[in-house]
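The task is simple: from the sequences and hints, build the whole structure.
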Amino acid sequence: MLNFFSSSNIYSVIEKILRFINSIFFLILIIGLTFALVLSPPDYIQGDSVRIMYVHVPSAWIGLACFSLITLLSVLNFIFKIKNFYFINKSIAPIGLLFTCLAIVTGALWGQPTWGTWWAWDARLTSMLVLMLFYIFYILVFKLLNKKELIIKISSIIAIVGSINLPIIKYSVEWWTTLHQPASIKITGSSSIHSEMLLPLMVMLLVFLLYAALIFLMKYKTEIIRIKKKNIRRY
Amino acid sequence: MNIISNFITMNGYGAYVWLSFSVVLISCAVVYFKTRKTLKKYEQEFLVELQTLTLKEKNKALENSKVARQILATSSKTN
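Line by line, the protein sequences give chains A and B.
Per our numbering, the very first residue in the first sequence carries number 49; after that it's consecutive.
Per our numbering, the very first residue in the second sequence carries number 16; after that it's consecutive.
Honestly, the hints are just simulated from the structure, not real lab data.
Certain hints may be false.
Cut-off 20 Å, straight-line C-alpha distance, at most; resulting in silico cross-link-like pairs (EDC-like, lysine to aspartate or glutamate) [stated by the list, open to error]:
| id | chain 1 | residue 1 | chain 2 | residue 2 |
| --- | --- | --- | --- | --- |
| 1 | A | Lys278 | B | Glu64 |
| 2 | A | Lys277 | B | Glu64 |
| 3 | B | Lys81 | A | Glu63 |
| 4 | A | Lys131 | A | Glu197 |
| 5 | B | Lys81 | B | Glu64 |
| 6 | A | Lys277 | A | Glu63 |
| 7 | A | Lys278 | B | Glu72 |
| 8 | B | Lys81 | B | Glu58 |
| 9 | A | Lys234 | A | Glu222 |
| 10 | B | Lys81 | A | Glu197 |
| 11 | A | Lys191 | A | Glu271 |
| 12 | A | Lys277 | B | Glu72 |
| 13 | A | Lys277 | B | Glu60 |
| 14 | B | Lys52 | A | Glu197 |
| 15 | A | Lys278 | B | Glu78 |
Covered stretches of chain A (chain B as the covering partner; in silico rule of three or more C-beta atoms under 8 Å from a C-beta of chain B) [as the list claims (entries may be wrong)]:
| id | segment |
| --- | --- |
| 16 | 152-158 |
| 17 | 268-279 |
Computed far set for chain B versus chain A, every beta-carbon distance over 10 Å [said to hold, decoys possible]:
| id | residue |
| --- | --- |
| 18 | Asn17 |
| 19 | Ser20 |
| 20 | Val39 |
By construction, the Cβ of each residue, glycine as well, lies at the ideal position given by its N, Cα and C atoms.
This is the structure:
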């Protein structure tokens with residue numbers, strides 16, 4: 049069983065998944081863009097500016113999900129010392145940073161026509177900015193430090209401290225009066241978004257998830273090659 | 016004609032909508048090509064390192080490392 053999780057086996061599984069994602073990605077991207085830009089209806093208040101939601105919301109979700117995963121794996125790595133988690137976290141962090149930045153930029157582009165401002169120092173926007181800073185600190189640890197043990201220690205501390213920000217982001221719209229609207233989609237309870245907008249949103253989420261998986265697998269594959277290169281003379 | 020014009024202008028929100036989608040698509044494309052370039056660079060470096068080994072070492076490395084065999088196979092497919 050443990051043999052299955054060896055880097056050799058993981059490498060061949062990654063190859064297969066990458067081929068599969070590459071073969072379906074453009075088709076799903078075209079479907080997603082068609083739904084988001086053509087087929088979905090304009091909002092009765094926000095008009096066509098609501099289409100920004102189809103790139104803004106999945107970006108924010110993935111930005112948050114990546115940091116949650118990094119925190120979880122950091123805690124598990126602290127307890128079980130699984131070296132693969134170090135490489136997984138190193139590969140996930142840039143993806144999380146990318147999507148957090150995209151959520152902030154597209155949020156500003158959505159804010160201007162709907163709120164009349166690009167930016168406001170309100171709870172949701174500020175906590176997303178804090179998340180972006182945590183991602184930057186986290187990535188800098190890998191870039192600036194050389195000792196693996198020290199990297200694991202400091203990056204884990206950043207991840208665990210940064211995770212305090214995650215519920216703040218989630219509940220900021222309920223705890224404080226903010227410009228940002230409350231969540232329209234709820235896992236528990238009924239969502240206030242119409243199915244004609246929910247479907248394109250879910251398709252775009254799938255596109256973003258496939259893209260995130262693609263980048264993660266390429267980065268993880270690079271890490272495996274780097275280790276194998278280092279150990280090539282030991283065979 | 017009116018439909019196309021409405022699609023482009025998005026009833027006055029075109030600049031915001033198109034800019035948002037463009038920023039996302041361009042950023043994602045840049046990250047994708049940069050990541051792919053780095054991956055290819057490491058694959059090449061691995062192959063160069065493999066070439067520096069003696070025939071005996073190289074055979075041993077290929078025999079014991081599935082990853083090495085796969086990288087070699089991928090590179091011979093693409094070359």
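Here's how the hints hold up against the structure:
1. At most 20 Å may separate the alpha-carbon atoms for a hinted pair to count; Lys278/A and Glu64/B meet this at roughly 9 Å.
2. Only pairs whose Cα atoms come within 20 Å are accepted, and Lys277/A paired with Glu64/B is accepted, the gap being roughly 7 Å.
3. A C-alpha spacing of about 13 Å is found between Lys81/B and Glu63/A, which places the hinted pair at or below 20 Å, so the restraint holds.
4. Simply put, Lys131/A and Glu197/A have alpha-carbon atoms about 11 Å apart, close enough for the 20 Å limit, and the pair holds.
5. For the given pair, Lys81/B sits about 16 Å from Glu64/B by alpha-carbon distance, which is consistent with the 20 Å threshold.
6. For the hint linking Lys277/A to Glu63/A, the alpha-carbon distance of about 18 Å falls within 20 Å, and the restraint holds.
7. Taking the CA atoms of Lys278/A and Glu72/B, the gap is about 14 Å. The hint holds against a cut of 20 Å.
8. The suggested pairing of Lys81/B with Glu58/B holds, with an alpha-carbon distance near 14 Å, which does not exceed 20 Å.
9. At roughly 13 Å between alpha-carbon atoms, Lys234/A and Glu222/A fall within 20 Å of each other, so this suggested pair holds.
10. A threshold of 20 Å between alpha carbons decides the hint, and for Lys81/B with Glu197/A the separation of about 28 Å lies outside it, so the pair is violated.
11. Of the pairs offered as hints, the one joining Lys191/A and Glu271/A holds, with about 14 Å between alpha carbons and a cut-off of 20 Å not exceeded.
12. Straight-line distance between C-alpha atoms of Lys277/A and Glu72/B comes to about 14 Å, which keeps the hinted pair within the 20 Å bound.
13. Between the alpha carbons of Lys277/A and Glu60/B the distance comes to roughly 8 Å, so the proposed pair stays at or under 20 Å and holds.
14. Distance hint between Lys52/B and Glu197/A is unfulfilled; the C-alpha atoms sit about 28 Å from each other, more than 20 Å.
15. Among the hinted pairs, Lys278/A with Glu78/B is consistent with the structure: their alpha-carbon atoms are about 17 Å apart, no more than 20 Å.
16. Proximity of the segment 152-158 of chain A to chain B, defined as three or more residues with a beta carbon under 8 Å from a beta carbon of that chain, is established by the 4 residues found.
17. Look at the segment 268-279 of chain A against chain B: 7 of its residues bring a Cβ nearer than 8 Å to a Cβ of that chain, three or more, so the hint holds.
18. Once the 10 Å rule is applied to beta carbons, Asn17/B is consistent with being away from chain A; the minimum gap is 15 Å.
19. Every C-beta of chain A lies more than 10 Å from that of Ser20/B, the closest at about 13 Å, which supports listing it as non-interface.
20. For Val39/B, the shortest C-beta to C-beta distance to chain A comes to about 5 Å, within the 10 Å cut-off, and the non-interface label is violated.
In this structure, the earlier hints numbered 10, 14, 20 are contradicted, and the remaining ones agree with it.
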